[in-house]
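In order, the protein sequence lines correspond to chains A and B. Each residue of the first sequence is one higher than the one before, counting from 1 in our numbering. Each residue of the second sequence is one higher than the one before, counting from 1 in our numbering.
Calculated directly from the structure, the hints in this document are not laboratory data. Being a predicted model, the structure only gives us computed values, none of them experimental. Heads up, the beta-carbon is just placed ideally off N, CA and C, and yes, glycines get one too. Just so you know, not all the hints are guaranteed correct.
For lysine-lysine, the following DSS-like pairs were computed, each having C-alpha atoms within a straight-line distance of at most 25 Å [unchecked claim]:
no. : chain 1 : residue 1 : chain 2 : residue 2
1   : B       : Lys56     : B       : Lys17
2   : B       : Lys68     : B       : Lys17
3   : A       : Lys14     : A       : Lys71
4   : B       : Lys3      : A       : Lys57
5   : A       : Lys71     : A       : Lys57
6   : B       : Lys41     : A       : Lys11
Far from chain A, by Cβ distances over 10 Å, these chain B residues were calculated [said to hold, decoys possible]:
no. : residue
7   : Glu15
8   : Asn24
9   : Gly59
10  : Arg60
11  : Gly103
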Amino acid sequence: DTGVSQNPRHKITKRGQNVTFRCDPISEHNRLYWYRQTLGQGPEFLTYFQNEAQLEKSRLLSDRFSAERPKGSFSTLEIQRTEQGDSAMYLCASSPSLGTSFNNEQFFGPGTRLTVL
Amino acid sequence: ELKVEQNPLFLSMQEGKNYTIYCNYSTTSDRLYWYRQDPGKSLESLFVLLSNGAVKQEGRLMASLDTKARLSTLHITAAVHDLSATYFCAVRTGANNLFFGTGTRLTVIP
Numbered sequence: 001d002t003g004v005s006q007n008p009r010h011k012i013t014k015r016g017q018n019v020t021f022r023c024d025p026i027s028e029h030n031r032l033y034w035y036r037q038t039l040g041q042g043p044e045f046l047t048y049f050q051n052e053a054q055l056e057k058s059r060l061l062s063d064r065f066s067a068e069r070p071k072g073s074f075s076t077l078e079i080q081r082t083e084q085g086d087s088a089m090y091l092c093a094s095s096p097s098l099g100t101s102f103n104n105e106q107f108f109g110p111g112t113r114l115t116v117l
Numbered sequence: 001e002l003k004v005e006q007n008p009l010f011l012s013m014q015e016g017k018n019y020t021i022y023c024n025y026s027t028t029s030d031r032l033y034w035y036r037q038d039p040g041k042s043l044e045s046l047f048v049l050l051s052n053g054a055v056k057q058e059g060r061l062m063a064s065l066d067t068k069a070r071l072s073t074l075h076i077t078a079a080v081h082d083l084s085a086t087y088f089c090a091v092r093t094g095a096n097n098l099f100f101g102t103g104t105r106l107t108v109i110p
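My request is simple: use the sequences and hints to build the entire structure.
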């Protein structure tokens, strides 16, 4: 399967613990996005990478959240000192750069469902 | 503040019937996307609309875009049970991220 993959698929943690999620984009895509989706809502943008550079962060991304994409391939999203309000589905998406795909279509991974107890 | 509103939020329709989902957005955007999401699953890309008047069709679904009215529609023809899902529209912001609508939960009843 050459689609976007995410690990783990489910994570249950206790409030105050740190968690880290991984996203592997489609191999030829140099743009990578993180979104958060709460129950009954549409996805909300968190952050965006072009290769290894983090080019945009949403105000939703508090100081407890950090994302990296060290080699321009896979990305990690870490949440420190988790709170119950962090419970959500965390979605990763990737897209080619404008040079190779005019429509900037984003392809989503299966998501990581986080439950904070 | 950018707003993307879908109407209706919930739609229950009988198999074989036609219906339209509306997506209104509050700011200029050059791209409009439609996605499908099944319960507990991720998002599947359906359509990318790039210009005013764009119309795309795939099977029983047809999407259109009117950038002047800031309106996109997703028309369902002769609905079948397999189309039951939540449908999201999204607009591309000045940056490269997507701003999603509220979603329309479609249930097709046999």
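### Query
Looking back at the hints listed earlier, which ones does the structure fail to meet?
Checked against the structure, the hints that fail are numbers 2, 3, 11, while the rest are satisfied.
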